[in-house]
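Could you build the full structure based on these sequences and the hints that come with them?
So the sequence shown is residues 0 to 148, counted in numbering that gives the first Met the number 0.
Incorrect hints may appear among the rest.
What the hints assert, rightly or not - The calculated lysine to aspartate or glutamate pairs, modelled on EDC-like cross-linking and capped at a C-alpha distance of 16 Å, are:
no., residue 1, residue 2
1, Lys75, Asp46
2, Lys26, Asp46
3, Lys141, Asp109
4, Lys26, Asp42
5, Lys62, Glu32
6, Lys62, Glu87
7, Lys26, Glu87
What the hints assert, rightly or not - Simulated restraints, written as ranges between beta carbons of each label pair:
no., residue 1, residue 2, range
8, Tyr126, Ile106, 22 to 32 Å
9, Leu139, Pro89, 21 to 31 Å
10, His50, Ala88, 13 to 23 Å
11, Ile117, His50, 41 to 51 Å
12, Glu108, Ala132, 20 to 30 Å
13, Gly44, Leu110, 43 to 53 Å
These are computed hints drawn from the structure, not numbers from a lab.
Glycine residues also receive a C-beta, built at the ideal position from the N, C-alpha and C atoms.
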Amino acid sequence: MGSFDSGSTLPASRGRISSEVLMPTGKVRFYDEEKGFGFITTDDGQDVFLHATALPAGSPSPKQGTRLEFGVADGKRGLQALSVRVLEAPVSLSKRSRTSADDMAIIVEDLVKLLDGIGGDLRRGRYPNGPQAKKIAAVLRKVADDFEA
0 MGSFDSGSTL PASRGRISSE VLMPTGKVRF YDEEKGFGFI TTDDGQDVFL
50 HATALPAGSP SPKQGTRLEF GVADGKRGLQ ALSVRVLEAP VSLSKRSRTS
100 ADDMAIIVED LVKLLDGIGG DLRRGRYPNG PQAKKIAAVL RKVADDFEA
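Next up, the structure:
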């Protein structure tokens, strides 16, 4: 890896000055957690390679749209992010649409009653019929998704 060359990379007008060092900013364009890398698009439109080793220790993988501050070096194949700091993570769609705790309590109570009834039928050797089974499965998946969000 090379060092930051202000003549060939990011203009001083972009980013934030931190401890007298220019820290460019941008958003994650994509990040592949399995492969351990992705790309950042800087505020002025340049692509910067992002490797997992540049992320803060113990931080989750960045999602598309996560706003980052980072150092830059000229790598073998172009610009590479160093010492990444998360400035702002996008709100998760699942958390945005998550059912409130009060509503979830009512749903869980109704679900317990429903499952109690199904348990009695199962003890008598009867499974729910096709359409009813699909509705029950859909409710269970929705509740599980809300708990995981």
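Verification of the hints:
no.: 1; hint: Lys75 to Asp46; verdict: holds, 14 Å
no.: 2; hint: Lys26 to Asp46; verdict: holds, 10 Å
no.: 3; hint: Lys141 to Asp109; verdict: holds, 14 Å
no.: 4; hint: Lys26 to Asp42; verdict: holds, 8 Å
no.: 5; hint: Lys62 to Glu32; verdict: holds, 9 Å
no.: 6; hint: Lys62 to Glu87; verdict: holds, 11 Å
no.: 7; hint: Lys26 to Glu87; verdict: holds, 9 Å
no.: 8; hint: Tyr126 to Ile106: 22 to 32 Å; verdict: holds, 23 Å
no.: 9; hint: Leu139 to Pro89: 21 to 31 Å; verdict: holds, 29 Å
no.: 10; hint: His50 to Ala88: 13 to 23 Å; verdict: holds, 19 Å
no.: 11; hint: Ile117 to His50: 41 to 51 Å; verdict: holds, 50 Å
no.: 12; hint: Glu108 to Ala132: 20 to 30 Å; verdict: holds, 21 Å
no.: 13; hint: Gly44 to Leu110: 43 to 53 Å; verdict: holds, 49 Å
Violated hints are absent here; each numbered hint is respected by the structure.
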